[in-house]
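*Asks:* From the two separate chains plus the hints, produce the assembled complex.
Below, each chain spelled out in residue letters.
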Amino acid sequence: MNTVSQTAWANFKQNKGKNALTGIAVILTTLLLFVIPTIGFGEIDAQKAAVNEMYPTFHGMYRDVDEDTAAELRHRAEVEVMGLRQDVAQIPIEDGTVLMIYVDETAQGLGKIGLEEGYLPERGNEICVSEGILEQLGIAAGVGDTIRVPFQVIEPDGLGLEQSEDLVITGILPTTKEQKETNAYFALVSRDLMEARQPRESRRYRAMFRVAGADDMTKDAIEEIMEDMAADLGVPEGDVVSNGDLLWANYVDPAFYTGVVCVLLIVVLAGIMTICSIYYISMIYKVQEYGKIKALGATKRQVRQMVFREGMLVAGIAIPVGLALGTVLSKMGLRYLWMSFGDNAQGKVMAQIISQGRIPLWKPWIYIMAVAVTLVTVAVSLIRPMQIASKITPVEAMRYNGDMKIRQEKRKGHREMSLTALTGANLSRNKKRTLLTVVTLSLTGILFMVLSTVLSCADPREIARAEMFDDLLISVESRSGDKMHPEREWTAICKDDPLNEDLEKEIGSIPGVKKITRSSELHVYLKDLMDGDQFWRDSIIGIPKEYAARMEDSIVQGDVTYEELYQGDKILMDKNMLHWAPDWKVGDTVDMILETGDGQTERSFEIAAVADMPEGLRHYAGFLLPKEVVDTLCGRPMDYYWSVDTEKDQTENAEQSLRAILEGQEFLGLETYEERVAYNEKNSGFTSQICYVFMAVLGGIGIMNLVNTMINSIYVRRRELGILQAIGLSEKQMVRMLQLEGMFYTAGTLGLSLSIGSLAGYLVFLYARENGILGIVGYHYPVWQAAFLTAVVFVIQLALTYLVMRIFRRQSMIERIRFSD
Amino acid sequence: MSEWILETVDLCKYYGSGENIVKAIDHTTMHIQRGGFTAIVGRSGSGKSTLLHMLGALDRPDSGKVLIEGKDVFSLKDEQLAVFRRRKIGFIFQDFNLIPSLNVWENIVLPIGLDKKKADRGFILDLADKIGIRDKLSSLPNTLSGGQQQRVAIARALASRPAIILADEPTGSLDSSTELEVISLMKACVNEYGQTLVMITHDETISQMADRALVIADGKVVSR
Chain A
1 MNTVSQTAWA
11 NFKQNKGKNA
21 LTGIAVILTT
31 LLLFVIPTIG
41 FGEIDAQKAA
51 VNEMYPTFHG
61 MYRDVDEDTA
71 AELRHRAEVE
81 VMGLRQDVAQ
91 IPIEDGTVLM
101 IYVDETAQGL
111 GKIGLEEGYL
121 PERGNEICVS
131 EGILEQLGIA
141 AGVGDTIRVP
151 FQVIEPDGLG
161 LEQSEDLVIT
171 GILPTTKEQK
181 ETNAYFALVS
191 RDLMEARQPR
201 ESRRYRAMFR
211 VAGADDMTKD
221 AIEEIMEDMA
231 ADLGVPEGDV
241 VSNGDLLWAN
251 YVDPAFYTGV
261 VCVLLIVVLA
271 GIMTICSIYY
281 ISMIYKVQEY
291 GKIKALGATK
301 RQVRQMVFRE
311 GMLVAGIAIP
321 VGLALGTVLS
331 KMGLRYLWMS
341 FGDNAQGKVM
351 AQIISQGRIP
361 LWKPWIYIMA
371 VAVTLVTVAV
381 SLIRPMQIAS
391 KITPVEAMRY
401 NGDMKIRQEK
411 RKGHREMSLT
421 ALTGANLSRN
431 KKRTLLTVVT
441 LSLTGILFMV
451 LSTVLSCADP
461 REIARAEMFD
471 DLLISVESRS
481 GDKMHPEREW
491 TAICKDDPLN
501 EDLEKEIGSI
511 PGVKKITRSS
521 ELHVYLKDLM
531 DGDQFWRDSI
541 IGIPKEYAAR
551 MEDSIVQGDV
561 TYEELYQGDK
571 ILMDKNMLHW
581 APDWKVGDTV
591 DMILETGDGQ
601 TERSFEIAAV
611 ADMPEGLRHY
621 AGFLLPKEVV
631 DTLCGRPMDY
641 YWSVDTEKDQ
651 TENAEQSLRA
661 ILEGQEFLGL
671 ETYEERVAYN
681 EKNSGFTSQI
691 CYVFMAVLGG
701 IGIMNLVNTM
711 INSIYVRRRE
721 LGILQAIGLS
731 EKQMVRMLQL
741 EGMFYTAGTL
751 GLSLSIGSLA
761 GYLVFLYARE
771 NGILGIVGYH
781 YPVWQAAFLT
791 AVVFVIQLAL
801 TYLVMRIFRR
811 QSMIERIRFS
821 D
Chain B
1001 MSEWILETVD
1011 LCKYYGSGEN
1021 IVKAIDHTTM
1031 HIQRGGFTAI
1041 VGRSGSGKST
1051 LLHMLGALDR
1061 PDSGKVLIEG
1071 KDVFSLKDEQ
1081 LAVFRRRKIG
1091 FIFQDFNLIP
1101 SLNVWENIVL
1111 PIGLDKKKAD
1121 RGFILDLADK
1131 IGIRDKLSSL
1141 PNTLSGGQQQ
1151 RVAIARALAS
1161 RPAIILADEP
1171 TGSLDSSTEL
1181 EVISLMKACV
1191 NEYGQTLVMI
1201 THDETISQMA
1211 DRALVIADGK
1221 VVSR
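Going down the list, the sequences are from chains A and B. Residue numbering for the first sequence follows this note's numbering, beginning at 1 and increasing consecutively. Residue numbering for the second sequence follows this note's numbering, beginning at 1001 and increasing consecutively.
To be clear, the hints were calculated from the coordinates, so they are not data collected in a lab. There's no promise every hint is true.
Straight line, CA to CA, 25 Å or less: simulated BS3-like cross-link-like pairs of lysine-lysine [to be verified]:
| hint | chain 1 | residue 1 | chain 2 | residue 2 |
| --- | --- | --- | --- | --- |
| 1 | A | K13 | A | K331 |
| 2 | A | K48 | A | K682 |
| 3 | A | K514 | A | K545 |
| 4 | A | K575 | A | K527 |
| 5 | B | K1077 | B | K1116 |
| 6 | A | K363 | A | K48 |
| 7 | B | K1077 | B | K1117 |
| 8 | A | K732 | B | K1077 |
| 9 | A | K505 | A | K648 |
| 10 | A | K682 | A | K648 |
| 11 | B | K1187 | A | K732 |
| 12 | A | K505 | A | K515 |
| 13 | B | K1116 | A | K412 |
| 14 | A | K348 | A | K112 |
| 15 | A | K412 | A | K431 |
| 16 | B | K1187 | B | K1088 |
| 17 | A | K112 | A | K177 |
| 18 | A | K219 | A | K177 |
| 19 | B | K1071 | B | K1220 |
| 20 | A | K412 | B | K1118 |
| 21 | A | K732 | B | K1117 |
| 22 | B | K1023 | B | K1187 |
| 23 | B | K1220 | A | K412 |
| 24 | A | K348 | A | K391 |
| 25 | A | K545 | A | K570 |
| 26 | B | K1187 | B | K1130 |
| 27 | A | K412 | B | K1187 |
| 28 | A | K410 | B | K1118 |
| 29 | A | K527 | A | K412 |
| 30 | B | K1065 | B | K1130 |
| 31 | A | K292 | A | K391 |
| 32 | A | K410 | B | K1130 |
| 33 | A | K331 | A | K363 |
| 34 | B | K1116 | A | K732 |
| 35 | B | K1071 | A | K732 |
| 36 | B | K1220 | A | K732 |
This structure is a prediction, so every number in the text was calculated from the model and none was measured.
Only chain B is shown next, with the shape it has when bound in the complex (with noise of 0.2 Å):
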């Protein structure tokens, strides 16, 4: 098995062109470690997000490639890619984006149920739990506060024991207090599920708590 979890070579992705071509992301190579805690940290426009959604087979580069366990995403056709994407990855938005019409448990069951399998009832009650939200699981997500809200993303992207969680800003929506709650929740878990968490951020203090931190600036990739 290698010892990356994620890898990018010489990936590119340019928006427009001309004069007026951005470079999102520009010839940038980069590895992440099986396990722990990744920051990618960059300031607004730097390309973080570009990266995160390549890295998550979102979207597709210019040229390069991701490799995920080894595996180059993008030679999967799109129908093989969104198997692949909803086994190994987590992800974890900004706005949580949950769907208003599931409650709790089925937005967190959603993922399992789109892969045609049954939910590990007792992994997941012992995942609210942990992250709080036991008693809301049957609540509409337009009844909880931010904060629970974001809880809830994070228990829907760990629920299919994606060996990757993908986050992007996930605590830009939420107060400082709750900010370091999250975090440190997220932390806790992929520490105890062994899964390797890439989280993108633009705050210094949040990519101090993570193991390891990278550093985007105008597209490119900056070890640390």
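Chain A extracted, bound-state conformation (with noise of 0.2 Å):
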């Protein structure tokens, strides 16, 4: 070890109070870079890996795909592995449905079709049967047992007339209990069989695909290119199904890593102010020892490396043991967070994925981040200490007490002199260090309170609220696009709504129903507005009278009244539209055609104002019109939401009710307001935990500020303390005097951070409105955690005074005053 690292070692093992200081920021700072990181690609890793579990693993599937273009498809470049699936038969049970389907090996795989026992059907007369469909067929039997299967061929115009055939049992598949709640089971035959019973003409796969080299790809990219791959082939994007679950697990939205680096960014940021500040005032006192050395002959490089190495030594310790810590925090804390929070089927393999540690948490290139961006941050606060130490001169170290150049020759001062006036002016004496200490002390504070004004925002019970005006809500549960099942169009429900005058009479003489209050929709395309090369879809809201005051409230362009749009001709928008068509505005006509169960007619509305409406009125609809208009529009009542208002106490007998009543119907659901609180509480609560916890240890990276703050103010002056109480200072006083001081600070620190915390809370509270974010709808002072602040600053704030003067009154008076050094 040369000289220099002599030195830096030496100082390193002096400066012990300071060190830990700058190791316990280090240190968090590494925790936090690790943590975050680590804890953000766990839970990614974690929901890949438990889709790709739980879900077939294809990223897209063609229905309806002939033998020629099954053939073209499999050789297309954009095609990693293709599989096919044909439908056969069906055998005929009661209340429900059972598919006899062959898959080629490649689907297989691709859906996951794994075997209880035996081995996948071979030959023309074999068959795989599950448990379930035995039960069904009231037959008990095995592997390599003889069935007697009846079965409907699938033919292009339906089912064919029932046959039946012996079919040898080679293998027993799962049954799940999805499959037994549908009553929905599908057995699998061979090719021989399948080729048999459809001829080639009339086989119409289902192919499902991998996208080649969709890795690097996002969910939208792959999308993109199944559908062009689709229009080339011919394929109706009717028959384009995406394997949803598993592309939005697998291929991550950019927006996410944007996220994580940010908040990697304000690590950072506090790391470095705080490792910064901590070497900056404790250089003060070094500095006359970095003085001594350059009068003994050291160069100002050889000062420079001596400051670079002690700092370095402190990280090349504190760095391990935030990755040590860092390690076994990320791993409880994703298993809490799966075990707190993650109580649906996929929540629960993701769990028990972490907990078996079968996914490697753990990554390399984490570690090798967060000690090369630690590395940085120390390096990047030791640069002003080193220019500080290795610019002065020795006769200049000699008298350095920290003060930056002070061009002050007089002060006007205090005619009599108090406890005050001298902390007054100590304070003063270095503005700037003074000012900076504040701000950074602050910055940890302001972004508290931003955090905790969105988190107080984000109010379960208010967000329920603004989406569901009443206890109850009685919905149809129409489904758009699916061919499979046009009969769950809205258009054709509409014809025969459930939602009618029968169901009205029956739900309103429930005991404690109060009142039922009915809104209309009706599906529309936008005629100037596409969505790819087809028009726009979206709906018209239609309202009834009791919420003409709610619509009108939330007008935010325009004017206009309920009775107003009675007309027919005028339309009210919802501002979310905007987003869509930034450039309609009042004023414009929008022409749409209306899908009203009778076929579609066209129809013109001059938008007459945009509204910022609540959920609970539009339902997530893109325009608003009186219901009667809608009704009206429609020739038939369009009744799609029924709001029930309950008696208080009689909420849970009206819904135990309503849901006897809704029991066998198909087309409707029923949400209740508390489940619709219990599902915004544990969302808020999930992030709110997150956020308090990341709060907490950039808080004790600020606090690691405030106490290096504190004792080296008292460090730097201990000899000018010594004269104080010479001259007459009592210890109370001293006391009082810290004490005051650091009132300073802590009203410094509160004021910056309630006053700019709570102005920036608001902001940000008024951008997360404004773009929907967490469906914040109302501003909420956060009360309790401003209280928590200011507590938990003036406790630390009291606890320091305590431990400096503890650290104060080691030193006797006289050893104070005789030395400067």
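*Replies:* What follows is the structure, encoded as structure tokens:
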């Protein structure tokens, strides 16, 4: 070890206090830099693993593909692998379906079709069935047994006549819970059987495939390839199915990475400021020593190296500690997240995957990144202290007391001196440094206030209330564009709307039901707005007169009353439409194709006003008209949502009765306000826990800064304080003076945090409301969080004054006066 | 009223233990008269600064007593001692020890302020005149020369009109012409205000300017 390193090592050992503080700040910085991406990417990986375990692994599927198209698709460059499925026949059972299907080997793999026992059918008289199917058929049989299977061959125009055949069971398929619930099963048959029953020209495959090179693509890019290829091959858009769950989990939105990078930048910034501030302040009393070393012949470079090496020694010890802590905490954190919040099937699988350690949670690149970024953070923080130490001349160093060059020669001063005046003079001695300290201390507080505002605005009950005006909401469960189930289209359901007068009477007679408020819905196409090569699909909500005031209150541009909309030529547009059609404004005309249930009719409306409507009013529709107008346009009541108001103490009973009534209704669904609240609570609970943990660690870094500032302010002035004592400052007065100083930092930190934090929080709230982030609707000042912040800062300040006095008392007054270095 | 303003009775202060024991003050008994200028002379390491610290109640002895106007100062609790010190004793240190963030005026009136009393403006201005720093009252200490800074320190020590001024090598950081000026000034002031000046020095010349000199050697005081 050369002299420079030896000196750095000696300094490192001597400055234990400062280095411990820096060390803690470095540990916390490393911890955050490691834990945030580890949890972020661990979450994604676990999700990916869970989805890949639970769902089929194909990216997309084309339905109704003939033999030639299938062959062409197989050879496309965009396709990595392709598998085929052909539905052969249906086994007739009561209240359910059993399909006999053929899948090739690739499709078996992509569709994750596995057997509980036996092997897949190879010959024309072989079949694989599940226990569920055998149960439905009333047969007790196993592998190797021959069973008589009744079936109807699937023909182009429907199902053929029932026939039956003796087939040998070669394998048993698993029976899932979902299959039992829906009473829908499938059996596997061989290629020979399929070809015998389905002539070449009538075969209509489902072609499942994975897109080549998809690992580097986004979900949208993969879907675009699937759509382009479908257009090339002449596969209609309605026959293109994307495996959404898989794509969503595997191909992450780039915005996620941007988010992670932003959070990491905040951490790095806080780290730099804290470590920099610790070094800068501690440099004040080290400078004299560096001056002596320079007087002994050290060059500027050597002094710089001493400072740098000492800093790096701290980093060298702190970083591994941070990584070790991060390694343990990230696993605990992820497990906790999924134990507490993952109560759906996927969440459970994810929790299992994480606790069984099936995915590599700790990634080498994250370790390397955390180490590299922390080292850079420390290095950047050391630049300024290195400059101070190397630039100062030995003579200047002896006199150095940390004051930046004071140009001030005179001071107005006070006529009478008091403790307050003394404290004030000390704080104003180096205004820049005092301000810098307050600002660095406040940054964490400001961030805390902003996050708290957002979290307190995300009030689960309020958000739920904006989504649901009453306790219960019955709505039609229609589905658009499902070619397999055209009966689920709203245009089909509305012809025999289940929300009819009979039901209204029935519900009205439930004890506790006070009122039913009915809204209609009409599906429309917007002729002036395109979605790919088709017209934009949207809907018009038809609201009853009871909602007139809410509607009028939500108008943000233009002006219209409920009555004025009765004329039917004007319409109210929701603000969200402006995302898709930013040029549309009040006074413009919108041409629409209305899907009335009796076919399509064209109609134009003038946009009378733009409104920022609560979801409970618009139910995600882009436009609004009075209910009567919607119903008149369609020539029938188009009731889609019924909002049911109940007596407070009878909501639960009413809900149960309502559920009983809706039991047999295929197209109706019921949602309760409490369900919505629970859902929102879970969502915000998850977000807020993550945010507060993050803030706590960041706060820890900030506290290190405060500790350092306070201890150093005493350490640097220990001689001065000794003198003050000699000329009559009593210990009580000294404590009081330190408390006053502490109060100044406390008040400054709180003042800045609360004022700028609240203001910034309000701006972020406005932004969040405007952009629908977390469903925020109303502003709630984070009173508890502000009180908490105040309390924490006060307690820390008091604890610090106590700590600092203890350190101070270790030296006698004489020692303080006598030794200036 | 006692004839002696300042007395020590069998005062001891040892550092270290066993073979390494240093007897900084060793069973010292001495008396200082009210008024005038007493010099305590000794070589480096003779224990003179330790003695002064105990005379000024800045440090507690291992045994023995320090009596100021007949009162045993170490019988006081810390808090009472601080008050006693600021009322009875003014300190002047070798390194001036002014508070850098306060201007000259504020430095001078600080001990009065700490005692929660109002400064006698006329008296302070008169003092500043006498000491020759009247035009520097709003200057910050770092803009003053060593001699000027020591004058401010003298003014600070005199401002609250304490009975005793304790000076620890007050001219150690000054050149020889300034040294004489400062000593004369201190002498003149204490005479005018009827105070007692006790000065620690290793300089024989200064001790000759004193009304009385005590010699300290190996922790023991020998009257001369």
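*Asks:* Against the structure, test the hints numbered earlier, and report the numbers of the ones violated in rising order.
*Replies:* Checked against the structure, the hints that fail are numbers 1, 11, 18, 22, 23, 24, 27, 29, 30, 36, while the rest are satisfied.
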